[in-house]
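Protein chains in written order, with this note's numbering: chain C, 1 to 432; chain P, 433 to 856.
Honestly, the hints are just simulated from the structure, not real lab data. We treat Cβ as the ideally placed atom computed from N, Cα and C, and that holds for glycine. Hints should not be assumed to be uniformly reliable.
[As the list claims (entries may be wrong)] Chain P is faced by these chain C residues, among others (derived, beta-carbon under 8 Å):
| # | residue |
| --- | --- |
| 1 | 134 |
| 2 | 139 |
| 3 | 169 |
| 4 | 174 |
| 5 | 194 |
| 6 | 278 |
| 7 | 282 |
| 8 | 286 |
| 9 | 303 |
| 10 | 397 |
| 11 | 401 |
[Stated by the list, open to error] Subject to a maximum C-alpha distance of 30 Å in a straight line, what follows is the list of computed BS3-like cross-link-like pairs (lysine-lysine):
| # | chain 1 | residue 1 | chain 2 | residue 2 |
| --- | --- | --- | --- | --- |
| 12 | C | 277 | P | 715 |
| 13 | P | 715 | C | 177 |
| 14 | C | 277 | P | 803 |
| 15 | C | 277 | P | 792 |
| 16 | C | 176 | P | 795 |
| 17 | P | 792 | C | 284 |
| 18 | P | 715 | C | 18 |
| 19 | C | 176 | P | 715 |
| 20 | P | 795 | C | 277 |
[Stated by the list, open to error] According to the in silico footprint, chain C covers these stretches of chain P (three or more CB under 8 Å from chain C):
| # | segment |
| --- | --- |
| 21 | 474-482 |
| 22 | 574-585 |
| 23 | 633-641 |
| 24 | 727-739 |
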Amino acid sequence: MPTQMARALAGEITPEMKRVAGREGVDPEFIRRGVAEGTIVIPRNRRRKNIDPVGIGTGLRVKVSASVGLAGPGDTIEGEVAKVRAAVEAGTDAVMDLSVYGDIDGARRAVLAATTTPVGTLPVYQALAEAREKYGAAVKMKVDEMFEVIERQAADGVDFLALHCATTWQTLRAAKKHRRVDYLVSHGGSHLMGWMIYNQKENPLYEHFDRLLEICRRYDVTLSLADGWRPGCLADSLDAAQVQELVVLGELVARARQQQVQVMVKGPGHVPLGHLKATVQLEKQLCHGAPYFVFGPVVTDIAPGYDNITAAIGGALAAWAGAEFLCYVTAAEHLGLPGVEQVREGVVAARIAAHAADVAREPRAAQWDLEMSRARKALDWDRQIELAIDPLRADALRRERSHGSHRACAMCGRYCAMQVVGEYLGKEQGVC
Amino acid sequence: MTRLLAARKGFITPEMEEAARQEGVDPEFIRAGVAAGTIVIPKNRLRKGIRTCAIGRGLRTKVNALIGTSSDRDDPEMEARKIEVAISAGADAIMDLSTGGDIDGMRRVSLERATVPVGSVPIYQAGIEAIEKRGGIVAMTPEDMFEAIEKQAAAGIDFMAIHCALNFEVVERLQKTGRVTDIVSRGGAFLTGWMLHNRKENPLYEEFDRVLDILREYDVTLSLGDAIRPGCIADSLDGAQIQGLLVAGELVVRAREKGVQVMVEGPGHVPIHHVETTMLLQKQLCHQAPYFVLGTLAIDVAPGYDHITAAIGGALAGASGADFICYVTPAEHLGLPAEEDVRVGVMAARIAAHAADIAKGVKGAWEWDLKMARARASLDREAVAGLAIDPALVRCYLEKEKGEPCSACGNECALRLVSEYFQQ
């Protein structure tokens, strides 16, 4: 059966394209053309049943993704499913299960069942974990075993697979020659490099890229080309290793499209404000307009505990510059694993960034803001809460911080500007 | 002689020297900036023993926190605690915006507790006392306004937000433009109501020289209040806002002529694609006076998270030229912030300011991140905590996460192999 992309190329508007067009308020033909050209992806595994398709790419609303997963002995499948539910409730567009420990098959299946959003995974994590079990060391993983895990995850219905296919020896040498400050940033990428050094072999995902594409084609899985050399600090942003890898990624994008496999590219990471536009533009040029899935980016290294905020700054500016998909960063980043509340707040922060970019890119997106502003002017609190990006939080804070205030809020109390001006500018006043 | 006049005469005052030390620049750079008006150092002639806070071109972007009682929340003890929280979180200045209870008493507490410059908005007190004494804001007399300014200057306030750049040109443009949220500045609302009711020009505009005379006497820095700042992204860069900026530009020139240090207040709600233009326009129209922005907030729809919408806008605004960022707390648009909101608000604004400083190339900004990167790469957790913007918070996490390092693969650890490769 042909892939989503093959059907788009053949001129067919699939039910997924129609649904995405409906959600975005655009013409289905616009979606079809985007999928055919590769500027839009609709991650949907052929075997996935319970999914409401999401489109990611040029001309569409910026999307956000939340990551969960079993990381160690303290984690349970139920606990991770609770995080998935919190993320979905907070409005995430996609979920990634990044389990590296324990019952990885069970966790993945539970996550797939718990959400109707697209689900992504990073299969090399599981392959490494199984090799560690079997041989006592992850670096002893066999190439066939790695592909077996990739296929197993695809067969379960995973919609997009993140794989570090361009983390090659060439990039490793570039990192070394140019003296990268932080060379252990990407978990999957670093382990693959360790595998390459131990086995003195090229990255199998690069060497056997066609084999990977075959699996993606069979299950119609979207490939998310991950960056092993994403900068882990501002000093490494746009360094030789990152740019070298991006060049290779561009070649792989072209090869994936030839096989009619949908493909997006993952990006940083830690990026100073002044590098954001260049980073996105480079990806767009080198990777032929493939959707860009960025992690944050965080705009400073010095704010552990607040990286939901540093990432909201970077995410807004990156998406304004053209990135289409934001992976959330929680307040626990760099310090530990997020709890349910941090997952929720992380999703909201990423959605704020996405919306700030949408407003800058597409005037229609500001309709939501306009309605909120009218409700504010009218001092219509019910409507303000209803329109808030996180109504529960807005309602709770209003009750706590304005307890006993009626018409306006406790910040200005009786001297609310809206109220004072309403009286004299002769405009209608709101009723509370 | 005010600091501005001293700088113009070529004197380097102790405040300029301290600012130069803090910023790692030459004292002459500070003096020249103060003389030209691109840098201000708010400090009342009567004020003693505060940390110098120089604001302007070529310097670290500074952060301001707001505190103060309101008619619905009159708890001076809590406000005093908020001052301490804000300063320990790293605020460079605070403003006391009290409008409830004993406003004079609260101001004394603020000036006593704050080890940083303190700002105020005197029209609040004038308006509220007019309600009490005369039955309404519109019954306030021009004398009431000038008395409030003089009283607060004599009490030691270092910088004052005064809405002098509001006149009938601006109000008429506002009426013609047809804004969504009209006026969201409290001081702007008081004065617009007063002007429309009394059919009289804004006394703070009409008798601007009188304002300047008071400020000069006490060497108070003027912060030209932004009466007409947009209260939603739909109103950003409209005719009324630009008209206000044009008037502010004229007043900047007049303040400098009188030897009064002056900065300009700015928005507010600004979509990210308007930020650079807003900053450029202000710098051009206001003759490179330091720009003091509230946020800016990138979107309107995130009450409860406006410290984040403001961090997005503030970082971008700072990178495009704003010099002073007023914090926005998670309670904005919903109520009066509590201590925790103040702490988070200051941190978010400092993050935005620092991101901007890296982009602007402010001395030392890049090096801070590089030190952090090296500490992380060498897995030095104590160094990471010490370098963090909020060390206490990081230590709190590290306490909880005292895991053993992974030893699952023994000598064949992939990460160790990579490290060895890089260290060869």
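Q. Any hints this thing doesn't respect? Which numbers, in order?
A. Failing hints, ascending: 1, 3, 4, 6, 7, 8, 13, 18, 19, 21, 22 and 23.
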